[in-house]
Structure formats: C-alpha cells, structure tokens
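These protein sequences, in sequence, are chains P and C. Read in the working numbering, the first sequence has 131 at position 131, and its numbers run on one by one without any break. Offset between the second sequence (1-based) and the working numbering: plus 1000.
Don't read these hints as lab results, they were simulated from the structure. Predicted model, so just to flag it, every value in this text is computed and none were measured. For every residue, glycine included, the Cβ atom is placed at its ideal position computed from N, Cα and C. It is possible that some hints are incorrect.
[Unchecked claim] Cβ-Cβ distance ranges computed for the label pairs, FRET-style:
#1 R278(P) / E1231(C): 53 to 59 angstroms
#2 R1399(C) / E231(P): 23 to 29 angstroms
#3 P402(P) / R1232(C): 25 to 31 angstroms
#4 V319(P) / T1221(C): 49 to 55 angstroms
#5 G1342(C) / Q49(P): 58 to 64 angstroms
#6 R1048(C) / G68(P): 51 to 57 angstroms
#7 R1071(C) / R306(P): 34 to 40 angstroms
[Said to hold, decoys possible] Computed from the model, here is a short list of chain C residues facing chain P with C-beta under 10 angstroms:
#8 L1026
#9 A1041
#10 F1075
#11 C1245
#12 L1250
#13 G1286
Number of protein chains: 2
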Amino acid sequence: MHVTSAPAPVFFPAVLMAPAGEGLSLPLAMLVVFGSAKLLAELFERLRQPGIVGEILAGMLIGPAVLGWIRPNQFLGSLAELGVMFLLFRVGLEVKSSELMGVGRTALLVAVLGVALPFVLGWGILLAWGESQVEAIFVGTAMVATSVGITAQVLAAKGYLSSQSAKIILAAAVIDDVLGLLVLAVVSSVARGQVNLLALGSTALLAIGFTFIVAKWGTPTVRRVAPRVQERLRGREAQFAMAMCLLFALSWLAAYLGVAAIVGAFLAGMALSESAGRRVQDLSHGVTELLVPFFLAGIGLHLDIRALAQPSVLLLSLVILVAAMLSKFVGCGLGALGMGRGDAVRVGVGMVPRGEVGMVVAQIGLGMGVMGAHVYGVVVFMAVATTLVAPPLLVMAYRGLPPAEPLEEEVFHLG
Amino acid sequence: MHVTSAPAPVFFPAVLMAPAGEGLSLPLAMLVVFGSAKLLAELFERLRQPGIVGEILAGMLIGPAVLGWIRPNQFLGSLAELGVMFLLFRVGLEVKSSELMGVGRTALLVAVLGVALPFVLGWGILLAWGESQVEAIFVGTAMVATSVGITAQVLAAKGYLSSQSAKIILAAAVIDDVLGLLVLAVVSSVARGQVNLLALGSTALLAIGFTFIVAKWGTPTVRRVAPRVQERLRGREAQFAMAMCLLFALSWLAAYLGVAAIVGAFLAGMALSESAGRRVQDLSHGVTELLVPFFLAGIGLHLDIRALAQPSVLLLSLVILVAAMLSKFVGCGLGALGMGRGDAVRVGVGMVPRGEVGMVVAQIGLGMGVMGAHVYGVVVFMAVATTLVAPPLLVMAYRGLPPAEPLEEEVFHLG
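With the rest of the complex left out, here is chain P (with noise of 0.2 angstroms):
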C-alpha cells in the first residue's frame, strides 16, 4: 500500500544518482525541472517578488551551483531554445507592427547608444584589468546583447505589454539583436584575423533585410493569405498547425541569416497578430506555459559558482555586472528621453537582462579558444545577475502605470 503515497525525497537519491546516460529519467527530469521553478516561483510571488526570479533561482538551486541534481544537456537546452521562442511568439502574437513601426526612431536611438555604450565600457574595464585585446573585445561584445525574453514575461504578466514603453523596449530589442550580430560578426572575424568586408556587409544586408521586410510586410501579407489557405484546410486545428509551421520557418530563416531565432518568432507572432483566432492564442499559450520554465531554470543552471571562488575574478564580475547594468540603463534611457523621464527609466532597466545572449557569445570566445575559463565564468555571471536583477525593478518602474490591457491581464493571471 506504500506504492502511492511513498514520499518522492526517499525515493529520489537512489533514483537520481542512477547510472543510466542522462541521468534522470524523461518524466522525472520534466518534473524536477518545472515543478522546482514553478514551487520557487509560488514563493516568490508570496514574498511580493517576481515569480520569474525565482524560476531563474530554481535553475541554480537543482542545477551544479548548488544541488547538482540535473545538469545542462542537449535536450533541456532544446527545451528552453523552444520557450524562449514561444514566449517571444506569444508576445509577437499581442503587438501590432504599425504601433511597432511607429516608435521607430526612438527604438534605433535607444538600441544604438544601449550597444554603443556596453560594449565600450565592458572592452575598457577588461583592458584596465590586464586581460587581452581579444578578451576585452569579447566581453565588450557579450556585454551587447539585450535578452527580451525576461522583460517580456513580466510585461506580460503584469498586463504591461502595450504601453509605450513594452513597444520601445521590443523594437530596440529586435534592432539590438541585430545589431549584436554585426558587432559579433566584426568581432569574429577580427578576431580570425581575416575581415571579409564584403561577407560582412551581405551579412548586414541580409539580416536587416530579412527583419525589415517580415516585420513591415508580414502581418498584411498573413491576414490576406491565411483565410484563403484555413478555408481550404480539413485538418483538426488547422489553424494553430499553420501558425506553428510559420513560427518554426521564420525562426529558422532568422538563425540561418544570422539573428537569432527568436527574432523570427517575434516576428512570426507579430505577422500572426491580426488573424490568429482565440483558439491559436489559447493553444500557443499552453505550449508556452509548459516550456518558459525550462527557459528560466536553464539560465539559473548554466551558473558554475565555483568560477567566482577567486576574489579577483569575483571582484571583476561584480565590476562587469555594475558595468553591464549602468550602461544599459543610462544608454538605452538616453536614447527613450525624449518620451519622458518615466518611460526613459522603463525603457532603460527593461533593456538590463542580458541572459542567454551573453552566454552564447561568451561560448563562441570560448570554442574560438581566444576567451579564457575564468572570464567565461565572468560574463556568465553578468548574464545571469542581470536577469535576476532587472524584473523587481522592473516591477518598480511601473509602478503606478495603471495596466494598459485589463483583459490580456485576465488571460494570463486566471487560472
């Protein structure tokens, strides 16, 4: 009669130190991973903090920074690559590209001095250090990238995602991908020694492109096909297929020209937003509950906190993390002043969390063999921090800006 109510902590050491490949079985991987993050998220909200942090904090508490008991794999990592992409698929799916195009110009601003100012602080603080050219070049570019993702969940939580400011901070975000790629681009190939100017500008060419083209054209385009193709279709939710193969092509196309995949599905979203049904959004929703926390736990479980055992290195990470976070929120508040002195404040701590962005790039130092450990170490740190740090205050920069979507509010606080 033990079976059903055997506690899982008994079980638990036993099966989790069992030998087989991954380590954890499907099931259970599933359930450490989301049931750790949405309990550390309950705790959160209880404690009046962001139920996201949490999330984040559940990756380092069952991840190798504490517990150990899952690490990163392939197939978590597939996991949280697919939830970053629907929670910008979702968030696409809420925004409409004319209100996006029309903050335009004050997204290029913020997104160019929220670049410009990182990446030269971070490259002038490692040169101040000791570290190499190359190093310094890397941090500086790592220091670029903005991860949407974070500040798109709590916007979305709080029914935030239509303000001014939530259309500035994703315009500049989708601009500051791409310009990151270009940085990264540069950066690269100096760092190889070769600069293909020719290679980089088609590079440029093609990404810009590519962005310009979906998110101007895309939702017209979508809303004059899509009936046509639905009313010839006989399969059971014909429509949340058509939106899915949309979600899966643009991301694909976006990674292959070199922005990021999630870009694609941002723009997929948005190219959706005006003739998907209830239907697609209730079933895209689902999808997105289920896979965020994996996002979440995923960075928490990328942190390796014995990196920052040495006093120098834990001081450099304090000093790029205080770096990474002035220079965001003073470049990117710069650049939004002209809307405001509150929506400059919320534009520039929305555009803090840097996230998997930064890692990626730190990897790519790392496998160029031109990156040493303990700087990785360093930039995974600022990754990570920052997205811990910037949702309470986030929280706090809206505060008193009454929700601008009582009913999206609805569709994502009810149960």
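The hints should help you fit chain C onto chain P, whose structure is shown.
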C-alpha cells in the same frame, strides 16, 4: 528582396547537408517533422483516409527509409515520448474512472486473451521458422503490448472516446500494459538464465497495486485536495502548473515501477477528469497538438526498409504482421463478445496497433544480445505496419455508430 521569398527547397539540400552535430538546427528540425506530418495528414484527409496514417508515413518519408533528412535522435525521441504522454493525459481527462471500473471484468478478459494469443502465435511462428527459442520468446513478447496512443488519437478525433467500446479498449490497454510488463520481466530473467520469483512477485504487486490504487482513488483524492491547494496558490495558471506536476510525477512513478510512463500519464489525466477546468484542458491540448506529430512521425522514422530487402525476411515480416493483427483481433474480440458483435469487432480492431511498445521490447532483446538484427527488423516492421493498418479499419468499424460526444467533437475539430 529575395530573402523572404527564397523558396525553402533551394536552401534545403545545403542546410540539410550541414555538418553540424545533430544535423539540423532546432527550428528547422521542428519545421520538417511537424510540417511534413501536418501536410501528409491534410493529404490523407482529402483522400478520406485517417490523417494519423499520413503523419506516420511522413516520418517514413523524411526518415532513413526514404529521404534521409532526419535521423532518430535523442531530442526527437524525447519529444515523441512527451507527445504520447500528453496524448494519453488528454484522453484520461475525458474518461471517468468509475466508468472504466464498470467495464473492468470485460476489459480483463479482453486483455488476457489479447496477450495470450499473440504471444503463443508469435512464439510458434518463430520456432517453426527455425529461429532460436530466446528470439521466439522475445518476438512473442513484442507482439503482446498494444500501443493505445494510435487508437486513442483516432477515437478522440472522431468523437468516440466516451463510447462503451472505447472504455473497454482504454481499460484493456492499461491492463495489457501491466501484463506486458510482467511477461517482459519473466522473459528477460529467463533469457538471463536466472529467475527470481520473489523479485518478479514484488514487481507484479507494485505495478498492479500502483495502477489499481491510482485508478480507483485518484479522482476522489484530487477532487478533494485540488480546490484547497488552488485557492492558496498565487502564481499565474496555477491549476495548469499543478496538472503538469501530477502528470510528470505519475508518469515517472509508473515508469519507475516498470509500467509504461504513458499509463501514469493516462491515470494522471483520469485523476484530474472531474476537477480540471476548461482552461487546463485547452492549455494541455495545445501541447498535445504540437507534440503528437512527433510521436506519430517518430514511429515512421524508425522503419528501415533496407532490413526487408532479403526475401526471406520480407516473407517472415508479412507472416508476423498478419499473425499480429489476427491474434489481437480474435483474442480481444472474443474477450468482448459479451458486448455484442459490433463492439467486439471495434475492440478487436482497436487493440491491433503495437507502435512504440513492441519496438522497446525488440530493443531490449537487441541490447541483451539475444536477438538478431533481421528479427529486430521484422518486429519494427510489425510495429509500424499495425499502426498504419489499424486506423482505416477502426474508422470502418465505427462507421454507423453516432459520435458519442458532439461537444468533444467540436473541441477537437474547430480551428
């Protein structure tokens, strides 16, 4: 300007030949598997055939058997496993445990006869074919386990889940799975040459105890506990998060005790059937819609027709296929004869698909080194072919019976 309009087929070969570790990038792999499954499903619906057959064939088409674009890998395998878990979870949500218990006796008879006949027939044929005793026993075992996912998907899509015969099929499939576990446990220990009766007995007791207890008392327990827990939770979509945790926990417990994870998933759904709200159903339905094509295409992905090039292997495959279909049909049909001829036929046909379960048994045999590669190929062919043959037969068997749940029909059919 050719960026967005660049036709995928032009890119395809180059990208697909990319020497990257897993072959395809994540979004492209998702697009190829999901897109091709949905495309062939649409094609089959137009030909008035079950879409599910198209999805399985899509796996054969893109897999090693034909185009070779995608190879089975750990990530796709995990998505497939999740897919069939969510499928059974969704089916469980539609089923009341009291109704399942009501057909318990018939289901037990159906399961026992549907296990005995295929086992004896598979064993006999292999011995007559001159294969070894151990291989004969393993093929018999692989012919035992019904893959209820295929039948459940067809019945759900056509709105027959709450018919009497569907109840018997589901209950019998659960019992069938437990019996299959016991047969496999006995066969494995015989093959290893060491039979530990005590271990076998405790395996049996735990598996039966777990299944029976959760099936019988899961629903009332959840109905009593869930509202109290929910009113204390503050997180967004807390009900969905709780449902997911129950799903993963019971799937893991089931797998841990040796029963298939999908039995746990089905029991989790059933336990929630009386307390899960519409929102939980919609959200989990979204995950199901996304992942089920990976389960279906994954079945086709495993077929390697090169193994069937030898005429003698091909002949054995066809003989085993016919034996697998007839023995389940006759065995299960006899067991359900008390319900009338119509339901007996429906139950008999519904239990025919073997799918992934038979393949797992064959892989165990292969892993233990007691089964030759050609016999493995025969079993995989039997497993895939029974899933392809069953859906059209099932649609025929249910023709004339009015759909039992128009409301469910609507949920599954409307876009």
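We went through each hint and held it up to the structure:
Separation of R278(P) from E1231(C) is about 27 angstroms and departs from the stated range, judged on CB atoms against 53 to 59 angstroms. Judged by the Cβ atoms, the range 23 to 29 angstroms given for R1399(C) and E231(P) holds: they are separated by roughly 27 angstroms. For P402(P) paired with R1232(C), a C-beta distance near 28 angstroms keeps the hint of 25 to 31 angstroms intact. Range check, V319(P) to T1221(C): Cβ separation about 54 angstroms, and the 49 to 55 angstroms hint holds.
Distance hint check: the CB atoms of G1342(C) and Q49(P) are about 60 angstroms apart, consistent with the given range 58 to 64 angstroms. Between R1048(C) and G68(P) the C-beta distance comes to about 55 angstroms, which sits within the given range of 51 to 57 angstroms. Separation of R1071(C) from R306(P) is about 37 angstroms and conforms to the stated range, judged on CB atoms against 34 to 40 angstroms. Given hint, L1026(C) at the interface with chain P, holds; its Cβ is 5 angstroms from that chain's nearest Cβ, closer than 10 angstroms.
With a cut of 10 angstroms, the hint placing A1041(C) at the interface with chain P holds, because the nearest CB-to-CB distance is about 5 angstroms. Contact between F1075(C) and chain P, as hinted, is supported at the beta carbon level, the nearest pair being about 5 angstroms apart and thus within 10 angstroms. The interface hint given for C1245(C) holds, since its Cβ lies 5 angstroms from the closest Cβ of chain P, which is under the 10 angstroms cut-off. Nearest Cβ of chain P to the Cβ of L1250(C): about 8 angstroms, under the 10 angstroms cut. The hint holds.
Satisfaction of the interface hint for G1286(C) is found here, the shortest Cβ-Cβ separation to chain P being roughly 3 angstroms, below the 10 angstroms cut-off.
Hint violations for this structure: number 1 only, all remaining hints satisfied.
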